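Chain order of the listed sequences is A and B.
Those letters in the first sequence? Residues 0 to 322, per numbering that gives the first Met the number 0, in order.
Those letters in the second sequence? Residues 0 to 322, per numbering that gives the first Met the number 0, in order.
One should not assume that every hint holds.
[Stated by the list, open to error] Dumping the calculated BS3-like pairs for lysine-lysine here, alpha-carbon to alpha-carbon at most 30 Å: (1) B/Lys316 x A/Lys270; (2) B/Lys232 x A/Lys316; (3) B/Lys221 x B/Lys232; (4) A/Lys270 x B/Lys243; (5) A/Lys316 x B/Lys243; (6) B/Lys316 x A/Lys293; (7) A/Lys114 x A/Lys76; (8) A/Lys76 x A/Lys111; (9) B/Lys114 x B/Lys76; (10) A/Lys293 x A/Lys316; (11) B/Lys114 x A/Lys316; (12) A/Lys293 x B/Lys221; (13) A/Lys270 x B/Lys76; (14) A/Lys243 x A/Lys111; (15) B/Lys114 x A/Lys293; (16) B/Lys316 x A/Lys111; (17) A/Lys270 x B/Lys111; (18) B/Lys221 x A/Lys114; (19) A/Lys316 x B/Lys293; (20) A/Lys111 x B/Lys114; (21) B/Lys270 x A/Lys111; (22) A/Lys232 x B/Lys316; (23) A/Lys232 x B/Lys270; (24) A/Lys114 x B/Lys114; (25) A/Lys270 x B/Lys232; (26) B/Lys243 x B/Lys114; (27) B/Lys111 x A/Lys316; (28) B/Lys316 x A/Lys316; (29) B/Lys270 x A/Lys114.
Source of the hints: derived by calculation from the structure; they are not laboratory data.
Computed from a predicted model, the values in this text were never measured in an experiment.
Okay, here's what each chain looks like letter by letter:
There are 2 protein chains.
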Amino acid sequence: MLDQISAADLTIDDMRIAHERIRPHIRRTPVMTSDYLNDLSGAQLFFKCENFQEAGAFKVRGASNAVFGLSDDMATKGVCTHSSGNHALSLSYAAGRRGIPCNVVMPRTAPKAKKDAVRRYGGTITECEPSTSSREATFAEVQARTGGEFVHPYNDPRVIAGQATCSAELLEQTDGLDAVIAPIGGGGMVSGTCLTVSNLASETAIYAAEPEQADDAYRSFKAGHIIADDAPKTVADGLLVPLKENTWHFVSNHVTDIFTASEQEIIDAMKLTWKYLRVVMEPSSAVPLATILKNHDTFRGKRVGVIITGGNVDLDKLPWLNG
Amino acid sequence: MLDQISAADLTIDDMRIAHERIRPHIRRTPVMTSDYLNDLSGAQLFFKCENFQEAGAFKVRGASNAVFGLSDDMATKGVCTHSSGNHALSLSYAAGRRGIPCNVVMPRTAPKAKKDAVRRYGGTITECEPSTSSREATFAEVQARTGGEFVHPYNDPRVIAGQATCSAELLEQTDGLDAVIAPIGGGGMVSGTCLTVSNLASETAIYAAEPEQADDAYRSFKAGHIIADDAPKTVADGLLVPLKENTWHFVSNHVTDIFTASEQEIIDAMKLTWKYLRVVMEPSSAVPLATILKNHDTFRGKRVGVIITGGNVDLDKLPWLNG
């Protein structure tokens with residue numbers, strides 16, 4: 000059982016099993032390009048648009064793998080989790096499709112768009128303060144009360160195996176990549192990317208992109224051990240959480256480098272993507288492009304896969320407009 | 000030569016020749032779906048996302064067919080046109096790819112995003128007042144001065160044959176449609192849709208969608224002859240122009256019905272699409288969904304192709320936000 004193994008035991012077959020299991024519940028999202036953004040970056044960028052998943056985020060992959068991998072017995076009490084947003088609504092979506100309860104702990108500061116989506120998919124929200132300590136305390140209470148199966152947003156091999164299916168599609172949809180880059184928060188997407196790319200395209204470099212104002216993964220990577228902040232603050236609200244042992248395994252073993260971007264660089268990259276790629280994606284998803292545009296020497300002339308992780312945005316509060 | 004024939008002479012082979020000719024210059028855009036919008040409409044909606052063309056609009060199809068169909072001799076003086084926006088930038092894009100000049104007349108009120116894109120693609124803009132009469136007078140001067148080949152934004156069989164390639168792809172990408180609906184301004188996309196759908200899927204109904212505040216096509220359709228307004232005003236700035244004889248041929252012979260929507264209904268549908276389909280598209284492209292949501296009896300239970308015509312939006316002036 001995948002929930003009893005650690006990340007180090009995951010094989011590429013776990014990704015393949017996950018892909019077969021979740022195929023009826025996810026979309027094979029398109030890969031998009033923009034001549035303008037290619038000119039601007041000096042690279043060839045291939046954007047894997049996970050914002051086009053029905054739940055608006057790649058996290059539906061890992062959540063679906065966990066939910067549909069449960070035995071009928073385990074599934075009866077449903078699932079529960081804590082999440083700054085997209086895992087909460089992805090788990091609600093997957094649980095709703097299986098017809099089992101889903102309880103989620105979310106920071107009260109999480110975007111309204113994400114809370115609304117959780118409720119629309121049938122999930123039940125308990126709010127906490129926007130800090131790791133408050134989230135963990137509130138979650139312990141919810142889990143004890145409901146008895147649901149805990150599906151961690153990223154520190155769970157079932158979830159990592161699910162996220163790994165994204166870059167499997169990206170590799171199929173492109174004709175060879177020199178590099179892949181994804182945003183890093185807790186490291187679930189980056190870990191899944193490492194699992195797939197290190198096995199199926201070992202010559203492809205793997206980069207992670209992080210907000211300067213929540214740069215714990217960057218500092219961990221440079222220090223050689225996990226460093227966690229309690230309450231970082233950034234417009235990239237999907238990237239607030241720290242690495243854990245299962246994602247640290249992949250980040251420390253397979254990531255080539257981690258780049259950071261300022262708040263303004265992230266907002267600029269977000270607006271560029273909306274304008275020239277014409278996709279609605281959230282600030283977290285703009286961090287990779289922001290770092291590509293400031294690290295020309297690394298990416299110039301390269302074929303680069305860029306994972307757009309989610310598209311759940313409050314359209315009444317766009318970061319480049321006042322209010 | 001296609002520019003010497005009338006719309007009535009166009010055959011499905013003209014569409015096929017156009018598709019072969021323009022294939023290197025256009026994208027086969029994806030068809031997207033949303034469970035939420037399906038639930039809301041009671042129909043199965045298949046959105047053909049022409050906003051993802053490099054130039055941000057379906058009009059690159061007709062413009063490319065006209066530009067790349069010119070003999071080398073005809074091409075030397077370049078092309079010229081008048082357009083409220085997307086045809087201008089699409090013609091500039093196509094002319095730029097062929098390396099020939101492009102002169103366009105645009106209303107001074109056209110969105111800045113569209114004017115910027117024309118210039119980026121190498122087109123030269125001459126501004127006019129936002130009325131049909133001013134546009135035609137200004138254009139006569141520009142054409143006389145440059146001697147470029149006139150490519151009308153829609154009343155041109157070469158352009159109609161190019162636009163027809165969009166629904167050819169849509170039919171290939173879906174598994175049978177009960178209806179197709181597209182916005183109508185001058186009628187170029189609707190005419191191309193009629194050419195393809197009446198030949199390749201004659202059982203599929205063809206609908207057009209128009210702003211109430213620029214409803215000349217609706218009134219023409221009901222009256223049985225072309226009615227033109229001089230200066231209509233609507234948030235759907237791509238739909239200000241009147242039908243002409245070549246598009247009237249298709250509209251009067253093949254369209255099942257034309258529906259209209261209010262400004263608020265258009266803005267609401269635009270925001271819904273950004274939120275749930277997560278695509279950046281312009282107000283004109285929201286008119287079909289707006290009319291689907293108010294004509295439940297026509298669309299309930301049907302498989303409906305919806306053409307999202309363009310995605311060139313001023314991101315600093317979104318219609319659901321003040322300013």
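* To do: Kindly indicate which numbered hints from before are broken by the structure, ordering the numbers from low to high.
  => 4, 5, 12, 13, 18, 20 and 24
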